[in-house]
Structures are given as C-alpha cells and as structure tokens.
Amino acid sequence: MEEPEAEIMIEVAAGNLSAFRSIVELHHKPLISFIARFTGDRDSAEDVAQEVFLRVFKAAKDYKPQAKFKTWLFTIATNLCLNEIRDNKGSPKFVDVSDLHEQEYPIIASEAFSPQKAAENAELSTAVRKAIRNLPKSQRIAILLRQYNDFSYNELSKAMGISIPAVESLIQRARQSLKKPLSPYL
Amino acid sequence: MNCDYCKEKLSAYIDKELSREERLPMEEHLKICPSCAREAETLNQIGLFMGRIPEETPSPAFVQTTVNKAVVILRRSLWSNLFLNPVVSFARNAMAFVFAPDEYGAVGGQNLSSHGYLRTFDDSPPGSFTDVYLTVIQGGGN
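Protein chains in written order, with this note's numbering: chain A, 1 to 186; chain B, 187 to 328.
So here's chain B without its partners, still in its complex pose (with noise of 0.2 Å):
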C-alpha cells in the first residue's frame, strides 16, 4: 500500500467503515510509517476536539410548545375536514349553476371572461343588488 492511498482512506478508517479487507493492509502499513501514522493521529485528535463541544441545551419549554403547535395543525386539520369539503362541493354546485350554458341565459360557446362571470344575470332589474354588483365588477356604468 501506497502513502497516498491511505492518506485517501484514512477517514473511511478512523471511522470503521473499511471492510476486513481494505482494513488489515491499512492496519500493516501504519505499523511501519511513521508520516501515515502521524496523519491518523492528527485526524483522531480532530475528531477528540470537536468530541469536547456539548450539546446545546433547548429551552425547557420547547417540547410543549412544540406539541402545543400540533394541537393547532391537529385542529386545522379537522375542522377542514369537517366543513371545507361541503363548502368547495357547495361553491362548485353553485358556479355550475351560474355558469349553466343557455338554459339560464348565458351565453353558450362564447369566452366568460370576455363578458363579465355574472352573465347570467345581465337583465336583473335596474338597480337590484345585481345589477349594482354587474356595474362594479365590469367596470360599467354609463
């Protein structure tokens, strides 16, 4: 074995992760130089130093609030389940009902957006809440 390779592998050694068979070459030739050997020391003392930085010690309060989060994500969750599925499947009913072609007056084939999404509705009554609401949102009024 070569200085370079086992300065490559040195790393892989240290942290046990060679098999039986790259290992024991390694172990043979950091018996007989001293350079290589000298490296592995260096990188143990490394791993030595950073050994002496504790772990962090978290506020006391952060398991809880952390739980206490869940609880508000847990809630979410099911009161969505509860009411947003009926209110998407009411609000998709109604658009279809808005939207139906012809039957309520609409008019058929042609681009909604190029006239207004209440098309339905263009002969409310003068003045009715409609009406009002058509003006704003076309930016009409005459």
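Next comes chain A alone, as it looks inside the complex (with noise of 0.2 Å):
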C-alpha cells in the first residue's frame, strides 16, 4: 500500500502550500530531535531541520514514491548534519548538567516527584546525550534512527548507501561503545 506522503508530495511538487505544510506538522519533532541528538547543538537543530524542509519543497518533483518517504527525508537530514558538522570543525557540543534547564530537557518520571530521583534521572540523561555524542558520525546515525526513528536494518541500509550487515555491524558496534561511558547506570 502506498504511504500517504506520496500523494501528499505531488501535492507539494505542484506547489501546494497546505500540502507542504502537511509534512512539516508531522515530520518536523522527531526531525528536530534527530537533528539536535546527532549534532549536539539543540540551537542550530532547527536551522537544520528548516533546510531539510526547503529542500523537500524544492525537490518535490524528484521525488519518486517508491522509496518511502521518511528514508528519504532523514537521508537529507543526515547528509546536511555531516555538513554542519564538517563547518564545525567536528566537534560536537556537549551537554553539561550545569547547562541543563528543567525547561528545556523536562525530567521523564511518572512516579511520584523526588528531588534526588529527578537529579538521578538528569544526570543519567546528561551521560546517554554525551555516549552518543562521543559515538562515530556512522554508528551515531544508525542508532539514533533505529532508536528513536524506528528505522529497520533494509531502511537504515537505504538511507547510509551501505549492505544491511555493515548496518548491523554498525548498531552492534555503537551498542558495545555506549557501554562504558553507560556502565556506572547499569
């Protein structure tokens, strides 16, 4: 069955602004948090992500609705983030707890509110930002978008250009890295 970006897209592609509009509301969050979890940089995120977006607008006629629409835009994203890296200098920015606000990173936690559980929470949150930051550009890619983006091996393979093994080296690898800085959580 066909995905409902691809009727959407030739929407776009004709210059439907409410269609374009369509994709930004629904691709834009987990677009936003990929961006800012693979750069580090959560003020420059959304910049990126706006690139991204024009980009699809501009592109919407090549588009071709055999590939799914969602490997393609994070195909985009990932392309551009080694970019903004690259303009960097490539070096990712890293989170400090003393740089957290409750605001801009909220404390996951159902149970019952404890001061020294919340400090816990961000301060195992803080370490799994920097584990991922320090993970090489293409183990970083991999595992955020099968973690967070919920990208199979097949798309994750589409969306690198590399064999479904090398993705799954890839994830195997970027797993077994995160385990040290991770361990005193474990």
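Hints are supplied without guarantee of correctness; some may be wrong.
[As the list claims (entries may be wrong)] Under 7 Å between C-beta atoms, here's a sample of chain A residues computed to sit facing chain B:
| # | residue |
| --- | --- |
| 1 | R21 |
| 2 | S22 |
| 3 | S33 |
| 4 | R55 |
| 5 | F57 |
| 6 | K61 |
| 7 | S125 |
| 8 | Q147 |
| 9 | Y153 |
| 10 | E155 |
| 11 | I171 |
| 12 | Q172 |
The hints are simulated quantities; they were obtained by calculation from the structure and are not laboratory data. Glycine included, C-beta positions come from ideal geometry on N, C-alpha and C.
Please dock the two separately framed chains into a single complex, following the hints provided.
What follows is the structure, given as structure tokens:
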C-alpha cells in the first residue's frame, strides 16, 4: 500500500503550500530531535531542520514514491548534519549538567516526584546524550535512526547507502561503545 | 551456537531483525548461557536509557516560518518562470547580433577574446558612449 506522503508530495510538487505544511507538521518534531541528538547543538537543530524541509520542497518533483518518504527525508537530514559538523570542524558540543534547565530538558518521571530521583534522571540523561555524541558519526546515525525513528535495518541500509550486514555491525558496535560510559548506571 | 556468534548477533536479535531460523537457536542459547543472557540484558538496558531522553520541543513558530520560507521560494520560482526565460532569450539574441560575423563588421574567424567583445562597434564616432565604453573595457586610451 502506498504511504500517505506519496500523494501529499504530488501536491507539494505542484506548489501546494497546505500540502507542504502538513508534511512539516507531520515530521518536524522527530526530525528536529534527530538533528539535535546528532549534532549535539540544540540551537542550530531548527535551522538545519528548516533547511531539510526547504530542500524537500524544492526537490518535490524528484521524489519517487517507491522510496519511503521517511527514508528520503532523513537521508537529506543526515547529509546536512554531516556538513554541519564538518563546518564546525567536527567538534560536537557537549551538554554539561550545569547547562541543563528543567524546562529545556524535562525529566521523564511518572513516579511521585522526588528531588533525588529527579537529579539521578537528569544525570543519566546527560550521560546518555554525551555518550551518544561521542560515537563515531556513522554509528551515531545508525543507532539514532534505529532507536528513535524506528528505522529497520533495510531502511537504514537505503538511507546510509551501505549493506544490511554493515548496518548490523554499526549498531552492534554503537551499543558496545555505549556500554562503557553508561556502566555506572547499569 | 557459540557465545561469540551469539554476542555478534545480539543487537539484531534485540531489534527483531533475525529470521525465524536465526532467532530460535539464539533463544535456546540465551536460556542456557548466563553470560550471553547478561549481555542481552545490558544491551536492552542501554535501549531503555536512550528511550528516557525525550523528543525536543520545537518552537511554536517553526512550522509557520518554514512555510513562509517556502512561499518565498515559490514566488521566486514563479517570477523566474515568468520573466527569466524571455530575458535570457533576449540577451542571447542581443549577443548574437553583437557577435554576428562580417555582416556587422566583426572580424570573422578571429578570437574574440583578443579583440574585446564589442569589436563590431570599433568604428563608433569619437566621444560616443560606445567609444568611451570600449576605451574603458579594453584598457585603452591614447
């Protein structure tokens, strides 16, 4: 069955701005989150995401419904993120606990509020973010798209232009690399 | 199944990317091997930790500003479709007129770059706009 974006993209290619808006509304949140996690720069994530959507708008005529829209979108995003990191001389920014504001990084805790628990959660979140940002770029792309955007290995292979066994190996190595920095919490 | 192979395939197992033929021996091995079972538990735990990081909250204006920028792109593209092509074809025709060989006095068969590109107007009256322009672009002046 054809995915809903295929029809919407035909409208976008014809210059229909309402169709474009619905594409942005549907995908902006996971896209911005992916970019922020990948680059480690929350401030520029929206700028990069905006650029991704505008490229989608300009290239709408080239979109082929055979390719899954999500895969196409995140392939563009991945390329832009790599450029962003290259432009910033490859140094991802790290989040320090002191930089964290509760409003910006809400702590997920459905249990009864406890200051100690909240502090532990914040510390763990910081450690996870930092560990992710220390991963080599290709491992980072693979694990982020798998974990947060539910990419299958097949979709990852298309988005990253590598074989499925190579994807499997990247994800396995990414998880292994995350083990050490997160060992105090395991 | 040996432990090395099991550990190598653990991520694919956790991500439900193994075929039934691959998965069943893994499940059997994990039941009897505490070391591999512990490793599987660790990798699962890492996934849970990652899951605790919430999605970013985009600024409320994000969608509208993105659509506004698309409007600008759309307008530019409409304007260029309306005007750019006729302008380009006009310019092309004008250039063809300027560089037309022989008939308008240009040096046919010679390299235009060595002659300045308004060669056709070489015999413009002294002091005319074309004469002054040619003097400037050819770096001339007597």
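Hint by hint, which ones does the structure fall short of? Numbers 2, 4, 6, 10 - these are the hints that the structure violates, sorted from lowest upward.
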